[in-house]
Each structure stands twice: as C-alpha cells, then as structure tokens.
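Q: The residues making up each chain are set out below.
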Amino acid sequence: MKKRKGKILFGEYIPGSGLRKALEMERRDILFELKTSGLRGRGGAGFPISTKWMLTAAAESEEKYFICNADEGEPGTFKDKVLLSEYPELVFEGMIIGGYTIGAEVGILYLRGEYSYLLPQLNDYLEKMRKENLLGKNILGKCVNFDIHIFLGQGAYVCGEETALIESLEGRRGEARNRPPFPVTTGLFGKPTVVNNVETLATVPHIVLKGGDWYAGFGTEKTKGTKLISVSGDCKYPGVYEISWGTTVKEVLELVGAEDTKAVQVGGASGICIGKNEFDRKLAYEDLATGGSIIVINSKRNMLRVLENFMEFFVEESCGQCTPCRIGNVKLLDAVRQMQQGKFQENRLAKYLELAETMKLASKCGLGQSSPNPFVSIISNFKSEIFSKS
Amino acid sequence: MLTTEKLTDYPEIKEIADNFGRERKNLIPILNEIQKRKGFVSAEAQQIVADLLNIHPVEVFSVISFYHFLNDKPKGKYVIRICKSISCEMNGKEEIKKEIENLLSVKAGETTPDGKITFEEINCFGLCDVSPAVTVNEQVFTKVTKEKVREIVQELIEAEK
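Just so you know, the protein sequences line up as chains A and B, in that order.
Read in this note's numbering, the first sequence has 284 at position 165, and its numbers run on one by one without any break.
Read in this note's numbering, the second sequence has 80 at position 77, and its numbers run on one by one without any break.
The following block holds chain A by itself, in its conformation from the complex (with noise of 0.2 Å):
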C-alpha cells in the first residue's frame, strides 16, 4: 500500500507494467515517446534524457553501462531515498528499459554510502525481479540481457557529479573528468555510459506507458511534467511532495503549512536564496531551475549563518582538484565569518562577487560551478540584514 499521493510518480502504478510494455516497443519508438515528453534530468543539471539515451544508443561498442545516480548529497534533499525505499519498481524498471534502449547489460545502482541500511531491501527487490523474469538472461522470454548490482558509495559529495561518480565506480578517487569527451562516448571503462537521477529514471515507465505526450501535458510550456520536491526548514509539513511545474515558491510555502517564510533556498546548498519579493516565482527551468530540495528560513533565522553552513560544507566536501573551488570556498566561507564579526566594509564586496564569477566560470565540475549560488543570492538579497550590523 502506497499511502502518498501524486499526478505521476506518486501516482498508480502496477509494478513490471512498463517494462513489459517497453520490451514490445522498437528501440526508436521509446526513444520518440521520451523526446516527445521533453523529460530532462531531475538531478538538477536538466539534461534532455532523449538526447543522452540517443547518443548512447548511437555510439558502437560491444560494452555499455547503464547507471543510476542515486548518490543524492545536496543538503535538504531526500526524494530519492523516498523512491528507492518506496518506487523501486519504478526506478530498477527505468534502468533496465534504458538498457534495453541503450543496449547495454550491465546496469549499476551507485548507492551513498549514507543510505546503506536501503541495501538489503534493495538486494531482496532485484532478487525479486530475477525470480519473476524482470531481470537478468532473457528478460521476459525476449532476448533481452540485463542485470543490476548495487555499488556502495563511501561519502563524498562531488561523486554525485557523473564523471566523479564514474571514476569511483573504477575504484579511485572522486574527482571530476575533464569534459568532453562525454560519458555517453566515452564512460565507465572508457565505454559509452549512461548516468541518469534516481527520480529522472523513476518517470520512465510512466511514459513509457502512457506515452510523451501525455507526460508532456504536466507542467510548463518549457518544462514538462511534475517534479518531486524534498521540503525542510521552518514549515509544519516537511517532506516529499509531487508538484507540477511551474508551482510557485508561495504555492509551496502554502502547501507545506510555512509561516512568518523570510527566506527560501532553492535547489539546496548549491542553489539559490530568495526573499519574499519573489516568492511569486515559478519552479521551472525557465524560472527557478531546482533539483528539488526547498529549505523553509523563517524570520528567526540569521542568515548568515545559514550561509556559513553551506560555505563550510563545500569547503569540506571540494574535491581539492581545482583551484578555483579549492581555495575560492575557504575565501567566500572566510568573508562570511568577517561579515559575522563586523569586519567586512560592504566595499570589499565587489571583489568577492567577482571572485564567485570565477569560480563559476573556471571550476572543472558542477560544486565549484554552482557552490558560490548561495553566497552570492543570500549576500546581494539581504544586504541590509547583513550590513546593518558592521
């Protein structure tokens, strides 16, 4: 018994009803219906997932590799963990639908390390599966190979950046691929590889069954479909809710039961804060892109402080490999502190902005492209609650 509600994912679901439908279909045609639903990944980076299976599908190897990212780290998140305890069904039939699209048979569920109390159940599932022809040699009678195995993650944030993820899965450390060439030429291994969201994977056989267009009648003219969205902070209802795109934050904040709402970070440490003003903003692509954490900060709250939460979790979770995110977080997490003693004159602050700019431009990888979000949003929306009192 599913005991939440929702539009898709949330929705109902007779498990193994997607996959067998998509072992019917021709290659191409899952392809189509998955363009055709304007799905994009739903870690937070928002890639087309057509394209990627595309690509993929199209690069020549004997060898390829199917992987799910389910090494959800972003502070405030939690909507995969929900899937994988929950939707597995969903998620390990997303896989082996992509591998079948994809041709590949070796599927990996990289799992953080901080979730592995899921691995048990998660082991019975496939299990499960194998025992009801869901998985393995000859899927449902066709010819069709496909098997999962889970691989544990040892925590590290950065890993959650697919060429970080993918280094890890060849048994070194974390850090970040030069890009191109892409992991869908060139992978785990060197083979043409996939790496897509737990939740990204977990619409699969949704629109698979009912078709992209269907999807696509969800959400926003640009940004299609729903999202699952993790809720913490200061509201009386935190957890994981299914919203259609193009929800706004004050929709949300409505929902969630939030009072006295002075702040909303966006997208988690790495996204974005925003003040009342623009609580009429939408949750879209084209608006307020977000992989789906929304920390609720009430009026309570300081906000530097929660600023010098997030800076000190980059600096601790940086990889160290570049320098721009390296040393550029310690000097960002540095001015904070200033800021919190009086000592940091609001005309310094041109330079710092600047240096954000940098690290955005210059850092090899998503953490240190997105982590001065928070320190530049929360600095420059709240100014006057920061610099009254130096």
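Please keep in mind that the hints were generated in silico from the structure rather than gathered at the bench.
Just so we're clear, the structure is a prediction, and the values are computed from it rather than from any experiment.
All C-beta atoms in this analysis are idealised placements derived from N, C-alpha and C, irrespective of residue type, glycine included.
Hints are supplied without guarantee of correctness; some may be wrong.
[As the list claims (entries may be wrong)] List of simulated lysine-lysine pairs, DSS-like, C-alpha gap at most 25 Å:
{"id": "1", "chain 1": "B", "residue 1": "K110", "chain 2": "B", "residue 2": "K80"}
{"id": "2", "chain 1": "A", "residue 1": "K256", "chain 2": "B", "residue 2": "K28"}
{"id": "3", "chain 1": "A", "residue 1": "K369", "chain 2": "A", "residue 2": "K126"}
{"id": "4", "chain 1": "B", "residue 1": "K101", "chain 2": "B", "residue 2": "K149"}
{"id": "5", "chain 1": "A", "residue 1": "K124", "chain 2": "B", "residue 2": "K146"}
{"id": "6", "chain 1": "A", "residue 1": "K355", "chain 2": "B", "residue 2": "K17"}
{"id": "7", "chain 1": "B", "residue 1": "K149", "chain 2": "A", "residue 2": "K355"}
{"id": "8", "chain 1": "A", "residue 1": "K341", "chain 2": "A", "residue 2": "K329"}
{"id": "9", "chain 1": "B", "residue 1": "K149", "chain 2": "A", "residue 2": "K122"}
{"id": "10", "chain 1": "B", "residue 1": "K28", "chain 2": "A", "residue 2": "K310"}
{"id": "11", "chain 1": "B", "residue 1": "K41", "chain 2": "A", "residue 2": "K419"}
{"id": "12", "chain 1": "B", "residue 1": "K17", "chain 2": "B", "residue 2": "K41"}
{"id": "13", "chain 1": "B", "residue 1": "K164", "chain 2": "B", "residue 2": "K101"}
{"id": "14", "chain 1": "A", "residue 1": "K381", "chain 2": "B", "residue 2": "K146"}
[As the list claims (entries may be wrong)] One-sided excerpt, in silico: chain A residues whose CB lies under 8 Å from chain B:
{"id": "15", "residue": "L288"}
{"id": "16", "residue": "L374"}
{"id": "17", "residue": "G376"}
Once you have looked at the hints, place chain B on chain A.
A: For chain B alone, coordinates are given in the frame of chain A:
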C-alpha cells in the same frame, strides 16, 4: 614470497579480494569490507591490498583519504553520527551534539578512550524532514530529542565492548 604474505591479516584480506575479484575496479568494495570487519584499514592492510591488486600502496591510501567513510585509523565499535547540515541545525542539532559530547566526554571527531564509541559530525544524510537525525552504525534515529539521545548513548555505554 612477498613480505606481506607473512602478515597475520594476509589470508583474510586475500579471501576478501578474491571474493570481489582482484581488480582495480573492486578496490572500494574491498576496502569497505575490510573496514567493516576491522573498523579501519591499517597501513599493513593497505600494503596487502596494494600487492594483491598490483598497484602502488599510495594509490590505496589516496582512495582511503578521499572518502569520508574509509579511514586508516581505528574507530570505535559504535560510530555515532550527527547531521550538521542546515535543516538539522535549524531543528536543534547543536543541543543534541553538546549532549552527546557531554555524555561521552569526547568532542565530535574523537573516539572514547576505551576505543568503543566514535562520535562524528557529518553532512546531510537525507533525513531533513525528520530532523535532527542521528545514526549509530546502520541504525537511524529521527526527530532526536535530548532525552532520546541520552537513552541511545547510555545504552551504547553499557553495551558490550
């Protein structure tokens, strides 16, 4: 014969490595298994793994030093972790942390003198909606209060070493 073959841990580590397969790609699962059994990956163990996988020991060490959950120093039989990310902090994590530190008489990042319990502060483990959150090894505790954490810690202190 390699010198590592004479070490006491050699047969057990060899068995672990053979189970996973002696390949570089299995380095992390092998280290994870050693850590699970021994509590840490000692310098000797690192040397043994390096020999078995035919890589330089510094490669093994560089991987261990990269990941939070792998360590080359002994940890307690019980590892208490508290989440320090924003949502837990907003819901009173600092108070819980102090309570644990008082009960154990160690600071976050340290192990009790008897080597039984390690206390760590770590980043978000996805329990923000039921924060503050604490884990003990694989066990998860949510919406932890001062009273609850006292119970949890007390039980560990009294538990077998």
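Q: For this structure, which hints from the list above don't hold up?
A: As far as the earlier hints go, 6, 9, 11, 16 and 17 are violated by this structure, in ascending order.
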